[in-house]
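Asker: Put chain B on the given structure of chain A with help from the hints.
Sequences listed follow chains A and B, in order.
With the working numbering as the guide, the letters of the first sequence map in order to residues 1 to 252.
With the working numbering as the guide, the letters of the second sequence map in order to residues 1001 to 1258.
Think of the hints as simulated: they come from the structure by calculation, not from any bench.
C-beta atoms are modelled at their ideal positions from N, C-alpha and C, and glycine is treated no differently.
Only true hints are included.
Computed, partial: chain A to chain B, Cβ under 8 Å: (1) Ala64; (2) Thr73; (3) Glu133.
Residues per chain are reported as follows:
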Amino acid sequence: MTNLSRRKLFTAGLAAAGGASGLAVAAALADRYGLIPPDHGGLYGPGETLTYGTHRLLTRHSLAREFPRSQITKTPFANGKPPQSEDFKLLQAGGFADWRLTVDGMVARPATFSLAGLRRYPSRSQITHLACEEGWSFIAEWIGVPLIHVLDMVGILPRAKYVVYFSIQRDWWDSVDMADALHPQTLLTYGMNGGDLPVGHGGPLRLRVPRQLGYKSVKYITRLTVTDTMKGFGKGLGSAAPEEGYSWYAGI
Amino acid sequence: MADSAWVSGLGSAAPTTTHTPRHTALVRVTHWITALCFVALLVSGVEIVISHPRFYWGEVGNVLTPSLFDLPIPASRPSVLTGYGFVLPDQNGWSRYLHFQAAWVAVLTGLLYAVAGLFNGHFRKNLVPEGAGLSRREISRVIANHLRFKPAGEAEARSYNVLQRLAYLSVIFVLFPLMIWTGVAMSPAFTSAFPATVTVFGGQQSARTIHFIVSLSLVLFVLVHIGMVCFAGFTNRTRAMITGRADIPETAAHKEDA
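In isolation and in its complexed conformation, chain A is listed as follows (with noise of 0.2 Å):
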């Protein structure tokens, strides 16, 4: 009796163990693959670390459908209201011409772009989904320039693991990391449906973020910055929407 009680403590301190350095090793891993979210502690934590964990695995470089463009959404919903901030008013009587996007942190050439500068570079359309966490959701084309040409403008140093970009609207900002930011339909958005984006929509300028749901895909942009960690950028979640209880990640 006392023996098997022995070889069963033992068995289970060596699975203890084991499961204990196996979860360590699956950590490190993890983190080393860019599989943790900034919002992977608290009571969600790991729901979250898992839901993003195996959407990065799945989904590193796959593309958000596109739709032909008979499938485009007649009335195209926009959520919420335009900034209603003096000085956007202003950049918005004088047509958007002084709007600037400045790009700073981890890159080699810090820089500041206009509306027009940005036009200058190839541009981008596509026609896709944008679904709201709430459950309602339109297609709509979508024009601009890759954020991967603006981040090479500026040439983003190796060490870089996420774009955080802020709106002009404070408490709006958020950030993808690298597959996000370097993925091949993440467009800085200044069309859509054929003209210039309505500010209704995020207009004049709009990062897209089509493999995430739409409030990731955050209105009026004018800084991004090229980080290694989310310290530092509000409490450190990775956006400002974990500060008010939503997930960073919005694959899903």
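Answerer: Structure of chain B alone, referenced to chain A:
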């Protein structure tokens, strides 16, 4: 193993009731984890639906497009006109976190249950209707017993009748998989890697609508399930799912014989 030892040791101790092994430890543990996940998924799912209680068919749908059907409930977003004069507080943040966390636990638990069930014969022995069980006569007999509110006999305290077997099989092999499938079909990331997941349903909004309808079917199943547990003897049946052992009164067994 532990169960059979316990039962054989008990034969002489309890003269009026028979304790019979009913559910294996794996079935019991996975049952209660799934039950807990179901509550979490239901509560968070309701909160998510409240933010947009309109349903559509096809790829797209928003407040500017016609809906397939609307739920007659208030919404947590001012953009949805519900006819109510108020907007509920936004609960989507924690609801989405909880929904996916509970979904992960449910999926991993379900996988463990399904793989174990295939290998240890749980499905074959306990859930697939036996040859005679699927006959029209047996099915109508069980339905008639239900309609007459006839208490479950001894056989049903030991194993499942044909209606139970069919209900459990469809929940395990149809409704749960469909729930997971329509869930990932709503993900713009998952469908970027596996577009057929969503195109077979005709679009992301169709997947959302099916996800909702299947969730209603699961709620209906759970209500009937709990109702039947109460009818068959709540304490005894619930204890069987916790301790693994069911009490079978000898008198009931004699009645069955007579």
